[in-house]
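Single-letter residue listing:
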Amino acid sequence: MARIIVITSGKGGVGKTTSSASFATGLAMRGHKTAVIDFDVGLRNLDLIMGCERRVVYDLINVVSGEANLRQALIKDKHCDNLFILPASQTRDKDALTEEGVERVLNELIHMDFEFIICDSPAGIEHGAIMALTFADEAIIVTNPEVSSVRDSDRILGIIQAKSRRALNGGEPVKEHLLVTRYSPKRVDAGEMLSFQDVQEILRIPLIGIIPESEEVLSASNQGNPAIHLKGSAVSLAYEDVVGRFLGDELPLRFTDYEKPGFLKRIFGAK
Amino acid sequence: MQRKPIEIKISTVVAIAVILHDAKLSVLEAALKEITASTGDYYSEECAVIDVSNIDCSDMNWPALIQLLKTSGFHPVAVRSAPPECEQQISALGLSIDLGSKAAAQITETAVTESEPVPVPVIISSPPPMIIDTPVRGGQRIYARGTDLIITAVVNSGAEVIADGNIHIYAPLRGRALAGASGNIAARIFTMSLEAELVSIAGIYRTFENGYPALTAHAPIQIKLNGDKIDVVSIQSHN
Numbered sequence: 103m104a105r106i107i108v109i110t111s112g113k114g115g116v117g118k119t120t121s122s123a124s125f126a127t128g129l130a131m132r133g134h135k136t137a138v139i140d141f142d143v144g145l146r147n148l149d150l151i152m153g154c155e156r157r158v159v160y161d162l163i164n165v166v167s168g169e170a171n172l173r174q175a176l177i178k179d180k181h182c183d184n185l186f187i188l189p190a191s192q193t194r195d196k197d198a199l200t201e202e203g204v205e206r207v208l209n210e211l212i213h214m215d216f217e218f219i220i221c222d223s224p225a226g227i228e229h230g231a232i233m234a235l236t237f238a239d240e241a242i243i244v245t246n247p248e249v250s251s252v253r254d255s256d257r258i259l260g261i262i263q264a265k266s267r268r269a270l271n272g273g274e275p276v277k278e279h280l281l282v283t284r285y286s287p288k289r290v291d292a293g294e295m296l297s298f299q300d301v302q303e304i305l306r307i308p309l310i311g312i313i314p315e316s317e318e319v320l321s322a323s324n325q326g327n328p329a330i331h332l333k334g335s336a337v338s339l340a341y342e343d344v345v346g347r348f349l350g351d352e353l354p355l356r357f358t359d360y361e362k363p364g365f366l367k368r369i370f371g372a373k
Numbered sequence: 048m049q050r051k052p053i054e055i056k057i058s059t060v061v062a063i064a065v066i067l068h069d070a071k072l073s074v075l076e077a078a079l080k081e082i083t084a085s086t087g088d089y090y091s092e093e094c095a096v097i098d099v100s101n102i103d104c105s106d107m108n109w110p111a112l113i114q115l116l117k118t119s120g121f122h123p124v125a126v127r128s129a130p131p132e133c134e135q136q137i138s139a140l141g142l143s144i145d146l147g148s149k150a151a152a153q154i155t156e157t158a159v160t161e162s163e164p165v166p167v168p169v170i171i172s173s174p175p176p177m178i179i180d181t182p183v184r185g186g187q188r189i190y191a192r193g194t195d196l197i198i199t200a201v202v203n204s205g206a207e208v209i210a211d212g213n214i215h216i217y218a219p220l221r222g223r224a225l226a227g228a229s230g231n232i233a234a235r236i237f238t239m240s241l242e243a244e245l246v247s248i249a250g251i252y253r254t255f256e257n258g259y260p261a262l263t264a265h266a267p268i269q270i271k272l273n274g275d276k277i278d279v280v281s282i283q284s285h286n
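Top line first, the protein sequences correspond to chains A and B. Quick note on our numbering: the first sequence kicks off at 103 and runs consecutively. Quick note on our numbering: the second sequence kicks off at 48 and runs consecutively.
Honestly, I wouldn't trust all of these hints.
[To be verified] Taking lysine-lysine pairs in the DSBU-like style, the calculated list, with each CA pair at most 30 Å apart, reads:
hint, chain 1, residue 1, chain 2, residue 2
1, A, Lys180, A, Lys196
2, A, Lys196, A, Lys135
3, A, Lys265, B, Lys56
4, A, Lys277, B, Lys51
5, A, Lys333, A, Lys178
6, B, Lys71, B, Lys117
7, B, Lys56, B, Lys117
8, B, Lys56, A, Lys277
9, B, Lys51, A, Lys265
10, A, Lys288, A, Lys196
11, A, Lys178, A, Lys135
12, B, Lys117, B, Lys80
13, A, Lys277, A, Lys265
14, B, Lys80, B, Lys276
15, A, Lys196, B, Lys51
In short, the hints are calculated from the structure, not lab data. Owing to the predicted nature of the structure, the values given are computational and were not obtained by experimental measurement.
Generate coordinates for the entire structure from the input sequences, incorporating the hints supplied.
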């Protein structure tokens with residue numbers, strides 16, 4: 103049975119698209135047929151991070167409005183054979199994204215035997231964000247450890263509770279997961295940043311992972327390479343853990359403790 | 048699933064009660080100006096029910112009254128306890144007639160004047176309390192009409208929980224809680240940890256701009272009305 107997962111946050115710039123790209127890639131690398139859809143109509147980003155921006159011909163809106171079929175619009179990932187990207191439109195109005203159209207696209211993906219459908223939500227609580235979460239079975243809430251991001255995540259959780267199809271049909275509610283990104287144990291230690299326990303105390307949903315703050319993410323994104331491909335890096339390992347936990351593995355949290363650099367390290371300035 | 052073009056459901060709208068104690072429009076206008084400091088949007092289009100049970104409104108100029116309230120930012124939707132001879136005129140202006148809590152009030156009155164030595168049980172049917180088991184999140188609003196509200200999960204900042212009766216929160220209260228919303232001054236709010244933005248009982252409210260009372264830091268507390276002042280005391284306090 104296919105699972106539809108929305109990656110959302112309320113606030114912008116917290117790492118939704120980065121997380122969508124790495125999460126979808128991680129699922130595909132574990133052998134699951136996965137599609138990732140960019141719902142940010144008007145501000146196309148996912149294709150850049152996935153490094154397929156030059157191969158975009160048709161987009162989500164073309165499919166929703168019947169100008170192209172789904173097979174024409176899906177772009178095969180350059181690394182994984184079982185990962186496909188459905189890009190957003192940069193030129194169209196976001197109102198072209200109708201509920202019926204989105205439902206039809208998702209149903210078609212399910213018929214094409216996709217196991218996981220990742221919906222990369224735009225920021226905010228407007229139409230695009232609502233469309234991304236309407237049909238979700240599960241939600242990954244991306245939150246930075248600071249108060250405004252946490253507050254917006256709380257708001258979007260309330261909207262999922264109120265507006266998702268599962269909520270409206272009175273069935274089993276959308277399963278919620280908390281993903282804390284851009285986490286800096288050093289700054290938490292210095293009291294400059296909320297700890298993941300603080301975030302969880304406010305949001306009260308299960309934690310699926312913590313992604314450490316890293317400069318490598320930016321350069322990977324600029325090169326059109328999802329961060330999970332940065333082999334051996336903390337960010338890559340953290341995203342692999344997230345995928346593992348999502349698929350049911352029991353994995354301890356990593357990269358949450360700050361170790362003061364030792365005497366020699368300080369002298370020789372090892373990185 | 049095909050959605051029907053129209054769905055009819057019962058829905059509760061929170062409205063402000065504008066209780067008039069004077070029938071003269073000039074007096075009302077002056078009083079309103081004093082409250083709102085002449086700011087037009089002071090009440091930002093809040094739905095308002097005009098309660099005229101305390102005044103004689105046989106000579107009332109209804110269109111002028113409604114216009115007056117509108118200039119102060121109210122959005123009048125109904126008139127409560129209007130005399131029968133005015134009903135037609137009010138309906139013609141597009142407002143509905145609210146019978147108010149007359150029926151309920153009569154039951155309580157008979158209960159109070161009961162002087163029989165043998166206690167006669169007076170059954171006032173009140174709805175069962177509303178129970179919420181999931182976190183109430185920013186932007187959400189819950190109203191327990193005519194009853195108590197029991198919440199077993201956190202009420203986060205930006206959320207608003209309202210009850211005509213008491214409010215019990217078995218977790219931290221970080222948003223707004225308004226108990227006794229239809230005027231019950233004996234209503235109370237209970238919470239395991241007071242981190243609220245605002246609390247109110249029977250329309251009297253208190254904010255915590257300058258911090259919370261020292262005794263209440265992360266300890267179970269209750270909030271009650273003491274005259275026209277809101278008291279925050281330990282849950283064990285019996286004063």
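Checklist entry - Hints broken by the structure, by number, lowest first? => result Result: hint 10 breaks, nothing else.
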